[in-house]
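Given these sequences and hints, build the entire structure.
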Amino acid sequence: MFLRNRDLDNGERPLFVDILIFALPIMAMNLLQLLFNAADMAVVGSFSGSRSLAAVGATGSLINLLVNLFMGLSVGTSVIVAQDYGAGQPGHISRSVHTSIEISIITGVIVMVTGILFCRPMLEIMGTPEDIIDLSVLYMQIYFIGIPGSMVYNFGAAILRAIGDSRRPMYYLTVAGVLNVALNVFFVIAFRMGVAGVAWATVISQYLSAVLVLICLYRSEGAIRFIPRRMRIDGQKLKDIVRIGLPAGLQSLLFSISNVLIQSAVNSFGSTMVAANSAAGNVEGFVGTPMNAYYNAAITYTGQNMGAKKYDRIDTVAKICTVLVFVTWIILGGTVILFGRPLLRVYTSDPQVIELGMLRMKVMMAVYVSCGIMNVFPGLTRGMGYSVLPMLCTLIGACVMRIVWLATVFAWNPTVITLFACYPVTWTLAGLGQVASFLYARHRIRKQSAAECETAEVEPLLAKKL
147 MFLRNRDLDN GERPLFVDIL IFALPIMAMN LLQLLFNAAD MAVVGSFSGS
197 RSLAAVGATG SLINLLVNLF MGLSVGTSVI VAQDYGAGQP GHISRSVHTS
247 IEISIITGVI VMVTGILFCR PMLEIMGTPE DIIDLSVLYM QIYFIGIPGS
297 MVYNFGAAIL RAIGDSRRPM YYLTVAGVLN VALNVFFVIA FRMGVAGVAW
347 ATVISQYLSA VLVLICLYRS EGAIRFIPRR MRIDGQKLKD IVRIGLPAGL
397 QSLLFSISNV LIQSAVNSFG STMVAANSAA GNVEGFVGTP MNAYYNAAIT
447 YTGQNMGAKK YDRIDTVAKI CTVLVFVTWI ILGGTVILFG RPLLRVYTSD
497 PQVIELGMLR MKVMMAVYVS CGIMNVFPGL TRGMGYSVLP MLCTLIGACV
547 MRIVWLATVF AWNPTVITLF ACYPVTWTLA GLGQVASFLY ARHRIRKQSA
597 AECETAEVEP LLAKKL
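For the sequence shown, my numbering assigns the number 147 to the initial residue and increments by one for each residue that follows.
Do not take every clue at face value.
Said to hold, decoys possible - List of simulated lysine-lysine pairs, DSS-like, C-alpha gap at most 27 Å: (1) K455 / K465; (2) K465 / K385; (3) K385 / K456; (4) K593 / K455; (5) K508 / K456; (6) K593 / K385; (7) K508 / K385.
These are calculated hints, taken from the structure and not from any lab test.
Shown next, in the form of structure tokens:
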């Protein structure tokens, strides 16, 4: 059945309620994913030691670097399907669905091969400590076997979210995550497989989530139904998806490059600091993941209202998402500061790791709201069809400025505080740029709307004269 957003159609409930109902399952899904990742870290840290914890943590920024460029294309899928959905064009949606699944499989294989072949030299370039690099390579080579499954799941979930269905992706990720935790216990505790056990558990759960989302699309009725024999790349849809998704992917790639450089600086402090950084970053994710839910809501609702030509509602979407970011920062950010030490003890009992982790979290949480603004506003701008502007803001405000910070402030005073301070400084700069980009895109859309209204008024008059 070709379902439509109720509020978009007839205003049965306030937009704030619609957005919150849409965002909550994504938030729950992201938080569950973090819990499952936390279980990975906690199991390997508790039963294989701090070196194994550091080895897994040292790979995160590099994995994101290799994955995010292609994963960004799923943003293009979400925007294009949402716009077609808002415009009521089922034929276009079907072509987007089959093109997207094909893209996910191809890009997943590319990333898998690249990661397996080049993880060691890249870890060496990053200055990964000698006492953990072999474990990090082992973890990454196994982890990348599961990337095709992860790609398929993310593209499939983007399709479902684009039509307003944020619940089923959450269900599938929950099932896969529970299996992941069970396999962690089985492989790491029962069979003493260490980081390899955590990696294999992740691979199996990634493929399970992919299978579940494909079954869902296959059994769906109407425009989003996935029929394997129709899977092919439609040239126009590929162009549309790349137009929106490639800048988003490049933004994520550039962001990941700056994070790799920061990880390299973290590595220079030794494996204890690497472990602390990994554990603290995982805890901070419980504040960051709701922001990601608002980002997805911003893309979906802006895209749908663009397709329906309800441009005035985009301002309302922006206000709602901004309020949600502030409320989340106050509640969850405050919780992290108050209960930071008990949360870090879930990952490790090493007091030095805990103290260093608390130091990082205090710096990050002070202005984490700017991180939320930086993440949410690109969703609004992309939903309107402008994808290059958010990429440029991230490139200049976050990536370039982080490199400048590391080359100047951190180089002059190489302490943990000056290293971590680069995050809030660059979040603020990039966030201001993203707000300015949104205002510019909104101005262009308003001019377009005014021109369309003027044309609509003039055409009947011309017809009468003729």
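A quick look at each hint next to the structure:
no., hint, in the structure
1, K455 / K465, "19 Å, holds"
2, K465 / K385, "31 Å, violated"
3, K385 / K456, "25 Å, holds"
4, K593 / K455, "13 Å, holds"
5, K508 / K456, "42 Å, violated"
6, K593 / K385, "25 Å, holds"
7, K508 / K385, "44 Å, violated"
Of the hints listed earlier, those the structure fails to meet are numbers 2, 5 and 7, in rising order.
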